[in-house]
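Modelling step: build the complete structure from the supplied sequences, incorporating the hints.
Going line by line, the protein sequences match chains A and B. Going by this note's numbering, the first residue of the first sequence is number 1042, and it counts up by one from there. Going by this note's numbering, the first residue of the second sequence is number 1042, and it counts up by one from there.
Since the hints were made in silico from the structure, they are not lab data. The reader is advised that the hints may include incorrect statements.
Calculated pairs, DSSO-like style, for lysine-lysine (alpha carbon to alpha carbon, straight line, at most 30 angstroms) [what the hints assert, rightly or not]: (1) Lys1171(A) - Lys1207(B); (2) Lys1060(B) - Lys1284(B); (3) Lys1088(B) - Lys1088(A); (4) Lys1207(B) - Lys1283(A); (5) Lys1207(A) - Lys1207(B); (6) Lys1060(A) - Lys1107(A); (7) Lys1207(A) - Lys1283(B); (8) Lys1088(B) - Lys1301(A); (9) Lys1171(B) - Lys1283(A); (10) Lys1088(B) - Lys1283(A); (11) Lys1088(A) - Lys1301(A); (12) Lys1171(B) - Lys1207(B); (13) Lys1284(A) - Lys1301(A).
So these bits of chain A aren't anywhere near chain B, every CB distance computed over 12 angstroms [to be verified]: (14) Phe1104; (15) Asp1122; (16) Pro1131; (17) Ile1144; (18) Arg1150; (19) Leu1187; (20) Pro1189; (21) Glu1199; (22) Asp1218; (23) Glu1231; (24) Leu1253; (25) Ser1268; (26) Ile1310; (27) Gly1314; (28) His1317; (29) Pro1319.
A partial selection of chain A residues facing chain B, derived with a Cβ cut-off under 7 angstroms [said to hold, decoys possible]: (30) Leu1162; (31) Pro1185; (32) Ile1186; (33) Ile1200; (34) Leu1203; (35) Thr1204; (36) Lys1283.
Yeah, the Cβ is synthetic: ideal placement off N, Cα and C, and Gly gets one too.
Protein chains: 2
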Amino acid sequence: MDNPIGIFDSGIGGLTVVKQLIRILPFENLVYFGDTARLPYGTKSEKLIKQYALEDAAFLEQFGIKFLVVACNSASSVAVDMLQASLNIPVTGVIEPGVRAAIKATNNRRIGVIGTTATILSDAYHQKIKELDPDSEVYGQPCPILVPLVEEGWLDEEITRLTIRKYLAPLMENDIDTLILGCTHFPVIEEIIQNEIGGQIKLIDSGEETALVVRERIKTLEIGRNSLERGEVQFYVSDIPKKFDEIGTRFLGHPLVNAKRVDFDNFLISRGGAIHAPLETA
Amino acid sequence: MDNPIGIFDSGIGGLTVVKQLIRILPFENLVYFGDTARLPYGTKSEKLIKQYALEDAAFLEQFGIKFLVVACNSASSVAVDMLQASLNIPVTGVIEPGVRAAIKATNNRRIGVIGTTATILSDAYHQKIKELDPDSEVYGQPCPILVPLVEEGWLDEEITRLTIRKYLAPLMENDIDTLILGCTHFPVIEEIIQNEIGGQIKLIDSGEETALVVRERIKTLEIGRNSLERGEVQFYVSDIPKKFDEIGTRFLGHPLVNAKRVDFDNFLISRGGAIHAPLETA
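Written out as structure tokens, the structure reads:
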């Protein structure tokens, strides 16, 4: 099935998920939408995030996608079930795959989660871990400074190492043996984090785990692309911010070319306006 | 005249301006509105920032304000003239006062400006300086990491000193003798910045300069409050984020108490909906 896999995020952090999809499913076609004009989602209300998620999905549906990946932690935490209920294709977010991998990886059932302030305060990782393994202890740590550090590209810097050390100290004191990277920006600094916390703690890249889940479900559903030619990857964004290519390339791991800007307001008008979540799930 | 001075900002950074107003105009009544539910403004379109500015001003008008201070760099850069045209009270933003003070302070006419990425890329400080003194050279430096550093309260930290040093190095190479703090968060770390760049460079706190302009204009217009009792200060916000009191207290310089949450959607509905900018200024 040549139809592409659709991926959306509130911005370009989701490109770390695309990087893993390209690595793990090299023959699939992908189409990415980054809602750069309306980011961040994390500080928005649940109702508004659901509306945005439906609109992002509607944009991707134009490409006949066969699978939808919600590569955004905020949208994953509130909108995946609703999207699954309203679309006729399989949908996955990034939270459950990361959580399942962490539960599998931990020996002492002490799991740390790092993310933006919005993600950690939303408690989405904590709740999902407790749902799947009530005996696990979960320690969340908001790391807001790491996001601009990654976007600035201050990767090989003492500032970044000191910041990671300071943020992770309370988690280390709680004796975690597994750490979920609960922000799509953090795989960019995975190595630095691993160096700071030592090799005995397992890092879980939610994006990588999500790509593995997609591969599994595509196989089960028998909707994989039957070709040995590398898939095509298309990028759409609702705004092209400064340094977009530079930051995008850092996230994707290879040059990000040909990202197209979408006039999202016009797209919505052409469909008849905002797409509100159905009341029963709002 | 007992009527209060109104101040609005996209969030709580504007509290550093309130701090200066309290210091410089201790007998005036103040009413502050922080639009914490819709922040940041900097990444929004000019049209939307104008709409928000009109709505924030309309909220403050309910208190019979005699003066409006736009304590938000993004709104100051696009909405001050429009607000002045549509309101019957004097209006000032934070940009022009900061710029006038910098032009007065510089000897070598080499002025640096630091702010958020949105503020620096908007070129508002650069344009205003060039308008008032075309012979000045202006060097802008976005400092996005300083905002979460201040919000986290990492003030006496090596990380903060290293970050300031790294951001300011290109400005120092350009031999600036005056530096405008073009973000309402930065007065919180003014001392650390001064220590890093050395005492020979003059720091301009836009908030302080704005408070001085307000005092001057209130005097000229003869609308000052005729009382020797300290004025009342009221705080309203459209959302109360976590750590609001802690961060607010850091910005204000003394305990922030009794901030009230406003249901801003309902306020707008009660007025008949969004307040769009008049076409001739949009």
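Checked hints:
Restraint check: the Cα-Cα separation between Lys1171(A) and Lys1207(B) comes to about 42 angstroms, which exceeds 30 angstroms; the hinted pair is violated. For the proposed pair Lys1060(B) and Lys1284(B), the alpha carbon gap of about 19 angstroms is at most 30 angstroms, so the pair holds. About 24 angstroms separates the Cα atoms of Lys1088(B) and Lys1088(A), which keeps this hinted pair within 30 angstroms; it holds. A threshold of 30 angstroms between alpha carbons decides the hint, and for Lys1207(B) with Lys1283(A) the separation of about 20 angstroms falls inside it, so the pair holds.
With a CA separation close to 19 angstroms, the supplied pair Lys1207(A) and Lys1207(B) stays within the 30 angstroms bound. In summary, the hint linking Lys1060(A) to Lys1107(A) is supported, as the alpha carbons are separated by about 19 angstroms, within the 30 angstroms threshold. The straight-line distance between the Cα atoms of Lys1207(A) and Lys1283(B) is roughly 20 angstroms, inside the 30 angstroms bound, and the hint therefore holds. A hinted pair counts as satisfied when its Cα atoms are at most 30 angstroms apart, and Lys1088(B) with Lys1301(A) qualifies at roughly 23 angstroms.
The hinted pair formed by Lys1171(B) and Lys1283(A) meets the criterion: a straight-line CA distance of about 23 angstroms does not exceed 30 angstroms. With a C-alpha separation of about 20 angstroms, the suggested pairing of Lys1088(B) with Lys1283(A) holds against the 30 angstroms cut-off. For the hint linking Lys1088(A) to Lys1301(A), the alpha-carbon distance of about 28 angstroms falls within 30 angstroms, and the restraint holds. Note on Lys1171(B) and Lys1207(B): the hinted pairing holds, with a Cα-Cα distance of about 26 angstroms set against a maximum of 30 angstroms.
For the hint linking Lys1284(A) to Lys1301(A), the alpha-carbon distance of about 15 angstroms falls within 30 angstroms, and the restraint holds. Consistency note on Phe1104(A): stated as away from chain B, and its beta-carbon is indeed over 12 angstroms from all of that chain's, at 27 angstroms minimum. With a minimum CB-CB distance of about 25 angstroms to chain B, Asp1122(A) clears the 12 angstroms threshold, and the non-interface call stands. Taking the minimum C-beta to C-beta distance to chain B, about 32 angstroms, the non-interface status of Pro1131(A) holds against the 12 angstroms cut.
No beta-carbon of chain B comes within 12 angstroms of the beta-carbon of Ile1144(A); the shortest separation is about 27 angstroms. For Arg1150(A), the condition that its CB be more than 12 angstroms from all CB atoms of chain B holds, with the nearest at approximately 27 angstroms. In this structure Leu1187(A) is not separated from chain B by more than 12 angstroms, as the shortest Cβ-Cβ distance comes to only about 9 angstroms. At the 12 angstroms boundary, the C-beta of Pro1189(A) falls inside the reach of chain B, the nearest C-beta of that chain being 4 angstroms off.
Non-interface status of Glu1199(A) relative to chain B is broken: a Cβ of that chain comes within 12 angstroms, the nearest being about 6 angstroms off. No Cβ of chain B approaches the Cβ of Asp1218(A) within 12 angstroms, the least distance being about 27 angstroms, so the stated non-interface status holds. A cut-off of 12 angstroms between C-beta atoms confirms that Glu1231(A) is not in contact with chain B; the least separation is 20 angstroms. With 12 angstroms as the threshold on Cβ separation, the claim that Leu1253(A) sits away from chain B holds: the shortest Cβ distance comes to roughly 32 angstroms.
Here Ser1268(A) stays apart from chain B, with its beta-carbon at least about 40 angstroms from theirs, past the 12 angstroms limit. In this structure Ile1310(A) is separated from chain B by more than 12 angstroms, as the shortest Cβ-Cβ distance comes to about 15 angstroms. With a least beta-carbon separation of about 15 angstroms from chain B, Gly1314(A) lies farther than 12 angstroms from that chain, consistent with its non-interface assignment. With a closest Cβ-Cβ approach of about 15 angstroms to chain B, His1317(A) is found to remain outside the 12 angstroms limit, as its non-interface label requires.
At roughly 21 angstroms from the closest C-beta of chain B, the C-beta of Pro1319(A) stays outside 12 angstroms, upholding its exclusion from the interface. With 7 angstroms as the threshold, the beta carbon of Leu1162(A) comes within range of chain B, its nearest partner Cβ sitting at about 6 angstroms, so the hint holds. The beta carbon of Pro1185(A) comes within 4 angstroms of a beta carbon in chain B, closer than 7 angstroms, and the hint placing it at the interface holds. Interface hint at Ile1186(A): satisfied, since its Cβ lies 5 angstroms from the closest Cβ of chain B, which is below the 7 angstroms cut-off.
Checking Ile1200(A) against chain B: minimum C-beta separation of about 5 angstroms stays under 7 angstroms; hint holds. The restraint placing Leu1203(A) at the interface with chain B holds, with a minimum CB-CB distance near 5 angstroms, inside the 7 angstroms limit. At a threshold of 7 angstroms, the smallest CB-CB gap from Thr1204(A) to chain B is about 6 angstroms, leaving the interface hint in force. The closest approach between the C-beta of Lys1283(A) and any C-beta of chain B is roughly 6 angstroms, which is under the 7 angstroms cut-off, so the hint is satisfied.
Checked against the numbered hints listed earlier, the structure breaks hints 1, 19, 20, 21; every other hint is satisfied.
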